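K.L.:
If you read the sequences in order, they're chains A and B. So for the first sequence, the working numbering puts the first residue at 1; every next one is plus one. So for the second sequence, the working numbering puts the first residue at 1001; every next one is plus one.
In short, the hints are calculated from the structure, not lab data. All figures in this text were calculated on a predicted structure; none of them were measured in a lab. Check each hint, because a few of them may be wrong.
[To be verified] Restricting the straight-line Cα-Cα distance to at most 27 Å, the calculated cross-link-like pairs of lysine-lysine (DSS-like) are:
{"id": "1", "chain 1": "B", "residue 1": "K1028", "chain 2": "B", "residue 2": "K1048"}
{"id": "2", "chain 1": "B", "residue 1": "K1188", "chain 2": "A", "residue 2": "K9"}
{"id": "3", "chain 1": "A", "residue 1": "K24", "chain 2": "B", "residue 2": "K1082"}
{"id": "4", "chain 1": "B", "residue 1": "K1125", "chain 2": "A", "residue 2": "K9"}
{"id": "5", "chain 1": "A", "residue 1": "K9", "chain 2": "A", "residue 2": "K96"}
{"id": "6", "chain 1": "B", "residue 1": "K1125", "chain 2": "A", "residue 2": "K96"}
{"id": "7", "chain 1": "A", "residue 1": "K26", "chain 2": "B", "residue 2": "K1212"}
Chain residues, written in single-letter form:
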Amino acid sequence: MIDQFKNLKRYSFLLQELVKKGIKLKYRRSYLGILWSMLEPLLYMIVLTIVFGTLLGHDEKSYPVYILSGRLLYSFFNGATKSCLTSIRKNAGMIKKVYVPKYIYPMSCVLIDFAIFLLSLPVLFVVSLVLGVYPSVSTLFCIIPLLNLLMLTYGVGMILATVGVFFRDMEYIWSVATTLIMYLSAIFYKPERIFKHGGMAVYMLKVNPLFDIIDNFRSGIFGESINWHYTLYSTVFAVVSLIIGLFVFKKRQDDFILHL
Amino acid sequence: MAGSKVVLEAEGIGMRFNLSMEKVDNLKEYFIKSLKKEMRFNEFWALKDVSFKLCRGDRIGVLGTNGAGKSTLMKVCAGVFKPTEGTVTKHGRLVPLLELGAGFDKQYTGAENIFLYGAMLGLDKKFIASKFDEIVEFSELKKFIDVPLKNYSSGMRSRLGFSIATTVKPDILILDEVLSVGDAKFKKKSEKKVLSMMDDGASVLFVSHSMKQVKRICNKAIILEQGRLVAAGDVEPMLEKYDEMLGGVDDE
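The following block holds chain A by itself, in its conformation from the complex:
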């Protein structure tokens, strides 16, 4: 694997090209093009604010920022893992005919969605300013949950990419799983409500690494005190999933071609 990553330099141009292709093709032939990467989360934020603001009675001014920050991280995770899942099969044409280190494919999927995520960050910034959430030194802390998220996504992505080759059912299973993960990530509700009730739900929230990552990210945005337990847990989870992902992928990558 280490040898393979030395290869990364040689194939960095390919990685660049694949990322460029992913972004270009995603928005090609739409009138607003790349603007959608900003418009889409903004519109989602408005819808979710209207629906859940009234439904759950959140009337604080900064609630849209709360929703947007959670949703941005979740939709990156959701989009990237889903495209990783099919990355090997979608690139079967290439894999069968030209030798390219295969980890490039899930990696490019993660980077495509990460680039789109970065493009939509200015929206979060502007919305925050407008609604009176100002950046401070603590905003810098956001880098740590983002790094964890990146590791987690690539790790999970490689596991899914491997499984996706051998069992097509995974696509359906994963799309249900991501829905569950979404509801357990406290995107549009405040976790305190759940904590007050106690029980199983509390445990499920805390086990979900995405919940911890989003919570950490929000602490940075809102300049609140950071829950270091969450940081520790999500970092360990991310590193472990990355290691498992690398291991599983490496172990099975030579068999991919026989199943495509």
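We have chain A already, so just place chain B on it with the hints.
P.N.:
Showing chain B alone in chain A's frame:
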């Protein structure tokens, strides 16, 4: 050419495929089938114990009937397949011209595909940019270069693939039925290009069903039969032998 430098060496190559009778790719079926003990794996050795050496300047024709394992062998040499047994050692840059245009994206234009495909072959941006005009020129697709690939004919796609893949100076060139790309004019042109690459010192592995082409291009040949290497040597006697094996079916 005894004593000359070996650029590619295949040692005891074996390639096994599991041909399951029905392709099982979902969990439910897998469980049901394994419970009923219906998982039948048919082991199939596409290649078994194949060894050969490609020396610098050699041009080896790979002969064999359909299903003899020629394309599998080429893919193993190109590194696409990892052999179940044995090793392939390479020295120098290898350019595989297997199925051309494999990495193309249909929604991308010709120009964008040049960069994408070049990147897949491990070329860098600067190099591709410097060769861009040459590629377009050779493919004769200047008019269509900004058109998405989905509107290309298959001949046009192959021409573009061939033009991109042949811009690099390879030490080893693997050709699998690619000299039958495009119309008669382009065929001639591509053969000329390959010949000029050989003059520049590229060693060649050449798969073709046309014995005339093999005779024209190669100086040596190997014969595969059902995944085994049955003969190797200079091209003339090998072609005769292969002709005998085929039972004297007329070529072309």
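K.L.:
For every hint, state whether the structure bears it out.
P.N.:
Results of checking the hints against the structure:
As the CA atoms of B/K1028 and B/K1048 are separated by approximately 34 Å, the hinted pair breaks the 27 Å bound. Restraint check: the Cα-Cα separation between B/K1188 and A/K9 comes to about 37 Å, which exceeds 27 Å; the hinted pair is violated. Taken as a hint, the A/K24 and B/K1082 pair is broken in the structure, with Cα atoms around 33 Å apart against an allowance of 27 Å. Distance restraint check for B/K1125 and A/K9: the Cα-Cα separation of roughly 13 Å lies within the 27 Å cut-off, and the hinted pair is therefore satisfied.
This hinted pair checks out: A/K9 and A/K96 have alpha carbons roughly 22 Å apart, not beyond 27 Å. In summary, the hint linking B/K1125 to A/K96 is supported, as the alpha carbons are separated by about 24 Å, within the 27 Å threshold. As the CA atoms of A/K26 and B/K1212 are separated by approximately 47 Å, the hinted pair breaks the 27 Å bound.
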